Amino acid sequence: MKIGIVLSATLLALVAACTKTETLPVPGRGENRMLSYTITSVPDGVAPVVGAIDDADSTITVYLSSWYGLIAMTPQINVPAGATVSPASGATVTNLLSMMRKDSTITYLVTAKDGSKKNYTLHVRSLQPQTKIDEISTSVDNPKLVTIYPKYGANGYGVVALKGSNFLTANRSTLTRMTFTDSANNIIDIPYTGEGVSETALTPTALSYRIYPTNTDLLNKLVNNAVYYVTFYNYGEQIKLKYPIRFRISN
Amino acid sequence: MITRFSLKNIIAYSSLIVLVIFLFSCKKETATPDPESNGIVTGVYALNNLPADVNATSASDARILYYSLEENKVVDESQKYTTNWDIAFGGIYNSSIMINNGKSSVSPGYGGPGAGAIYLVVDRKFDAQYYDTLNFYVTKLPIPVHLFDASFNSVKTAPDESKMKTNTLISLDHFQSTSDGWAYYDFYGSLFPGNPKKAHVVYTMPRTIVIKTAKGNYAKICIQSIYKDKPEDPDRDSKPGYLTFKYAIQKDGSKNLDIQP
Numbered sequence: 001m002k003i004g005i006v007l008s009a010t011l012l013a014l015v016a017a018c019t020k021t022e023t024l025p026v027p028g029r030g031e032n033r034m035l036s037y038t039i040t041s042v043p044d045g046v047a048p049v050v051g052a053i054d055d056a057d058s059t060i061t062v063y064l065s066s067w068y069g070l071i072a073m074t075p076q077i078n079v080p081a082g083a084t085v086s087p088a089s090g091a092t093v094t095n096l097l098s099m100m101r102k103d104s105t106i107t108y109l110v111t112a113k114d115g116s117k118k119n120y121t122l123h124v125r126s127l128q129p130q131t132k133i134d135e136i137s138t139s140v141d142n143p144k145l146v147t148i149y150p151k152y153g154a155n156g157y158g159v160v161a162l163k164g165s166n167f168l169t170a171n172r173s174t175l176t177r178m179t180f181t182d183s184a185n186n187i188i189d190i191p192y193t194g195e196g197v198s199e200t201a202l203t204p205t206a207l208s209y210r211i212y213p214t215n216t217d218l219l220n221k222l223v224n225n226a227v228y229y230v231t232f233y234n235y236g237e238q239i240k241l242k243y244p245i246r247f248r249i250s251n
Numbered sequence: 001m002i003t004r005f006s007l008k009n010i011i012a013y014s015s016l017i018v019l020v021i022f023l024f025s026c027k028k029e030t031a032t033p034d035p036e037s038n039g040i041v042t043g044v045y046a047l048n049n050l051p052a053d054v055n056a057t058s059a060s061d062a063r064i065l066y067y068s069l070e071e072n073k074v075v076d077e078s079q080k081y082t083t084n085w086d087i088a089f090g091g092i093y094n095s096s097i098m099i100n101n102g103k104s105s106v107s108p109g110y111g112g113p114g115a116g117a118i119y120l121v122v123d124r125k126f127d128a129q130y131y132d133t134l135n136f137y138v139t140k141l142p143i144p145v146h147l148f149d150a151s152f153n154s155v156k157t158a159p160d161e162s163k164m165k166t167n168t169l170i171s172l173d174h175f176q177s178t179s180d181g182w183a184y185y186d187f188y189g190s191l192f193p194g195n196p197k198k199a200h201v202v203y204t205m206p207r208t209i210v211i212k213t214a215k216g217n218y219a220k221i222c223i224q225s226i227y228k229d230k231p232e233d234p235d236r237d238s239k240p241g242y243l244t245f246k247y248a249i250q251k252d253g254s255k256n257l258d259i260q261p
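Protein sequence lines, in the order shown, are assigned to chains A and B. With the first letter of the first sequence counted as 1, position 57 gets the number 57 in our numbering; the numbers rise by one all the way through. With the first letter of the second sequence counted as 1, position 226 gets the number 226 in our numbering; the numbers rise by one all the way through.
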């Protein structure tokens with residue numbers, strides 16, 4: 001019995017000793033590291049958003065809720081004493097939408113006291129329920145007509161109506177975007193002009209963009225009878241419809 | 001001997017060092033101008049016919065005008081995510097007064113570094129001179145001009161921090177809302193029945209607004225007119241989009257707004 005206890009104790013000690021020897025030394029802290037990346041420009045009463053810094057990948061990843069509706073953010077960046085960061089802490093990132101839609105990126109450069117440098121690439125991702133859109137047309141060969149009537153002036157607008165789920169209802173003019181892509185891959189922006197109801201009456205299941213005959217800038221870019229593929233951007237998400245529409249100017 | 005000599009030396013050298021530091025510190029103080037000030041000091045400033053969106057229509061929001069109270073100048077929209085502006089005029093006919101606050105989703109500076117706030121001073125006893133304080137409409141037109149200065153001068157200090165609002169804008173008085181505003185909008189022309197030229201007219205009220213600038217200083221502003229040449233009795237022929245206002249700014253960071261011109 002006694003021997004058993006002694007043996008067990010020895011075994012335990014050995015196991016503990018084994019665990020101890022497996023502990024790896026902590027790697028030295030680089031003086032060119034980014035220590036923290038925090039966004040305080042969020043609505044009052046909401047906790048600051050903390051970016052995830054990955055030293056191995058040299059990335060910073062920030063997740064932003066679509067509920068905040070931010071299109072810009074001001075990060076507070078910490079670096080070790082004596083180090084500098086560029087763009088600087090407190091410099092506003094103004095192109096969040098294009099960053100979330102992966103059209104652009106920002107790289108931060110941390111320079112340590114000793115001159116050593118490290119780059120970090122910023123990734124901004126939106127946190128939002130997945131946007132779903134029903135196809136407007138039934139097939140490639142049967143594009144739905146979107147017709148404008150210049151003879152009725154501002155009342156003769158054509159409508160691109162989307163049905164689906166999780167469309168943002170607040171601030172659509174800023175947080176959503178619609179484009180037409182033609183057969184030569186030219187991209188034409190369709191401005192959001194409101195939907196004829198107050199913003200509080202908008203629903204997450206329907207959304208429409210209007211093409212006004214009075215918008216001559218836009219009409220100069222669109223071709224009568226041409227076929228266009230609709231892409232819709234709902235805050236950070238981007239959906240390109242499979243089947244095109246046909247744009248028509250009525251006599 | 002050696003010890004005494006080095007002690008003397010130490011005293012002499014340290015005196016010299018102190019003197020040099022002193023000289024340098026003096027030099028620094030006099031040679032560094034404040035790049036922020038732009039010559040604008042604590043005081044009262046008046047603007048006449050500042051053009052906002054003079055082509056605005058009632059169909060959509062006007063182009064936003066950004067203004068720096070700290071520097072008394074118009075700021076370009078490209079700087080909306082900086083602390084270079086303090087107040088913005090947007091919405092229908094530039095009638096919404098917005099502040100620069102990065103935490104406020106109704107501020108054009110949302111997401112930016114601004115830390116501004118706003119407070120509309122409403123004094124019902126004072127209002128009774130020109131306004132029905134129970135049914136919220138103007139009773140005396142034209143509103144006596146001297147009331148604007150009276151309102152402005154009566155605001156002598158900024159309110160408690162807790163009263164300063166960050167997530168709001170100040171707009172038309174009780175128009176499609178239950179909020180007090182800085183101007184009465186007679187949408188139907190109900191103050192002048194039968195006179196079509198008196199519908200859709202904005203009557204600026206003598207109400208002073210306290211603003212905390214993007215950098216944290218306090219200011220007060222009283223808008224006198226949004227029409228060109230501030231007509232006493234505006235109608236539909238008056239040209240909107242031209243702001244006439246008076247403001248005072250306190251540059252020492254205190255809440256003292258008892259500022260004389």
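These aren't lab readings, by the way, just hints derived from the structure by calculation. In this text, all values refer to a predicted model and were calculated from it rather than measured experimentally. Any given hint could be a false lead.
Claimed, not checked - No farther apart than 35 Å at their CA atoms in a straight line, the calculated lysine-lysine pairs in the DSBU-like style are these: (1) K228/B / K118/A; (2) K151/A / K163/B; (3) K228/B / K246/B; (4) K215/B / K140/B; (5) K102/A / K151/A; (6) K215/B / K151/A; (7) K132/A / K117/A; (8) K163/B / K246/B; (9) K215/B / K197/B; (10) K215/B / K113/A; (11) K215/B / K117/A; (12) K73/B / K198/B; (13) K215/B / K246/B; (14) K198/B / K151/A; (15) K125/B / K215/B; (16) K132/A / K118/A; (17) K102/A / K239/B; (18) K251/B / K198/B; (19) K197/B / K156/B; (20) K197/B / K251/B; (21) K255/B / K197/B.
- List of violated hint numbers, smallest to largest: Of the numbered hints, 1, 2, 4, 5, 6, 7, 9, 16, 17, 18, 19, 20, 21 do not hold.
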